[in-house]
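**Student:** Given the sequences, and given the hints that come with them, work out the whole structure.
Here the sequence shown stands for residues 114 to 555, numbered as in this note's numbering.
Wrong hints could be hidden among the right ones.
Simulated crosslink set (DSS-like; lysine-lysine; CA at most 27 Å straight-line) [stated by the list, open to error]:
no., residue 1, residue 2
1, Lys-481, Lys-543
2, Lys-146, Lys-188
3, Lys-319, Lys-553
Label pairs and their in silico Cβ distance ranges [unchecked claim]:
no., residue 1, residue 2, range
4, Ala-516, Asn-221, 50 to 56 Å
5, Gly-468, Glu-523, 15 to 21 Å
6, Pro-536, Glu-288, 36 to 42 Å
7, Ala-323, Thr-472, 46 to 52 Å
8, Phe-341, Glu-546, 31 to 37 Å
9, Lys-402, Gly-206, 30 to 36 Å
10, Lys-402, Ala-466, 48 to 54 Å
11, Lys-142, Pro-239, 56 to 62 Å
12, Lys-356, Asp-474, 52 to 58 Å
13, Leu-263, Leu-377, 42 to 48 Å
14, Asn-221, Val-378, 36 to 42 Å
15, Tyr-438, Thr-207, 29 to 35 Å
16, Asp-474, Ser-333, 48 to 54 Å
17, Lys-553, Gly-468, 35 to 41 Å
Think of the hints as simulated: they come from the structure by calculation, not from any bench.
All of these numbers come straight from a predicted model, not from anything done at the bench.
Idealized CB from N, CA, C, for every residue including glycine.
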Amino acid sequence: MKLTNLKTLGKIAITGLIASVLPMSVNAKDTVKVGVVSFLTGPAAGPFGTPAKQGAEIVIDAINSGTMPAPYNTKGFAGATMNPIFSDESGGGTKQVGLFRDFVQKQNVDAMIGYISSGNCMAIGPVADEVKMLTIFSTCGTERLYEEKLRSHVFRTQGNAVGDSLAAAKYIADEYFKGKVSTSDKMYTGINQNYAWGQDSYKFFKLGMAQYVPSAVGSSKPQFPKLFSGQYGSEISALSLDKAKIVHTSFWNGDFEAFMLQALVRGFFQKKILVSSVGGSGVDSLGKKFPDGVIMGTRGNVGLVVRNNTTPLNKWFIDSYKKKYGAYPLGPSYQYARAVMLYKVGMDKAAKAAGKFPTQDQVIAAMKGVTFESFADTIEMKRGDGHQAVHSIAYGVTKYNKAKGEPGIEKIITYPASCIYPPAGAISQKWVESGMPGRKCN
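**Tutor:** Printed below as a string of structure tokens:
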């Protein structure tokens, strides 16, 4: 681990591959049609779905025109222009499975990209394999996606909830417990949404705390409200009465913003230390209202924690996004952009190997196990038999920047993938409970 504002990363091996110019004979197809799915309506749209769509648009437009910085500066996807078809993720798993089949069977897409909800990913994953459609999940976090069954046609460019939760526990151990802390302050609890993402997130936070801070005690009354509940008065009361000082949350979307506003007016943050694994998107929307002192993650090196990172890719992305949308790109903006970038990596690599426009099977083979450059770190497709990403994760503490008049973050610690993810083939829960053998945090 290291305390850092994230330094410029060197180029990696894939750079030369993507930057090489594909021969004209490869361009056997003018366009590729790709479904891009995110929340465009409902409480998840504003803080997540819309920024996700915008992040994808920025990168798709730049790749189509050949104006994205290296190593993505060659035009197109194996020379082809992407025609994205944006679709709303709202409505639940059953509805999304139906829409997915429609994309494949009626719209004849070449690939599918996106999906924020873990429930939707768990529903779509088996169907994508069944109908043999290349699908790149951008955001959803449940570790069960690959630990319950390996996937043939599904990739995920976002690390799972295990890394997010273990990094949160490690940050608490490194920053909050590095001095003398009273016994009562070592108690913790949580408020997490009652579905796969929330349940898994808190489970691994508890497991991580047991490893990093064995003397810490978990509350017997963690809160699990319904997804998209919106009203948290009773949960805030219960948490306020709980002796636990530390409160973990994996709330996202409008639920996070609603919880923060309702907790603020009750003086919650004067008594508790909130640890948020994915609330970075809500920091900007609340602006000056967002409290200082919240331990904040963004599910990687994306969004709030990399605003001062000056790699060419990150600087370009922030500048392009702000120019077009008048705001900073949020975590979901980065996540969807990375999924598009993996598709380009796979298409270009497969085309070069085949000497012609690639088939879907060739693209899948090219993407399997690949390492590619992201905006502020590298993404390694090294889990789930080469279909699941691992990457570094950063946490910091929120602090409003009065000089700039915008939200900020300080005391950033970045944890490498080797510190927070189990080795390939391991079952996450068993690995953590056995003491995380092979873990490397330096």
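**Student:** Against this structure, judge whether each hint is valid.
**Tutor:** Taking the hints in turn, this is what the structure says about them:
| no. | hint | result |
| --- | --- | --- |
| 1 | Lys-481 to Lys-543 | holds (25 Å) |
| 2 | Lys-146 to Lys-188 | holds (16 Å) |
| 3 | Lys-319 to Lys-553 | holds (20 Å) |
| 4 | Ala-516 to Asn-221: 50 to 56 Å | holds (53 Å) |
| 5 | Gly-468 to Glu-523: 15 to 21 Å | violated (51 Å) |
| 6 | Pro-536 to Glu-288: 36 to 42 Å | violated (26 Å) |
| 7 | Ala-323 to Thr-472: 46 to 52 Å | holds (47 Å) |
| 8 | Phe-341 to Glu-546: 31 to 37 Å | holds (32 Å) |
| 9 | Lys-402 to Gly-206: 30 to 36 Å | holds (34 Å) |
| 10 | Lys-402 to Ala-466: 48 to 54 Å | holds (52 Å) |
| 11 | Lys-142 to Pro-239: 56 to 62 Å | violated (29 Å) |
| 12 | Lys-356 to Asp-474: 52 to 58 Å | holds (57 Å) |
| 13 | Leu-263 to Leu-377: 42 to 48 Å | holds (44 Å) |
| 14 | Asn-221 to Val-378: 36 to 42 Å | violated (52 Å) |
| 15 | Tyr-438 to Thr-207: 29 to 35 Å | holds (32 Å) |
| 16 | Asp-474 to Ser-333: 48 to 54 Å | holds (51 Å) |
| 17 | Lys-553 to Gly-468: 35 to 41 Å | holds (40 Å) |
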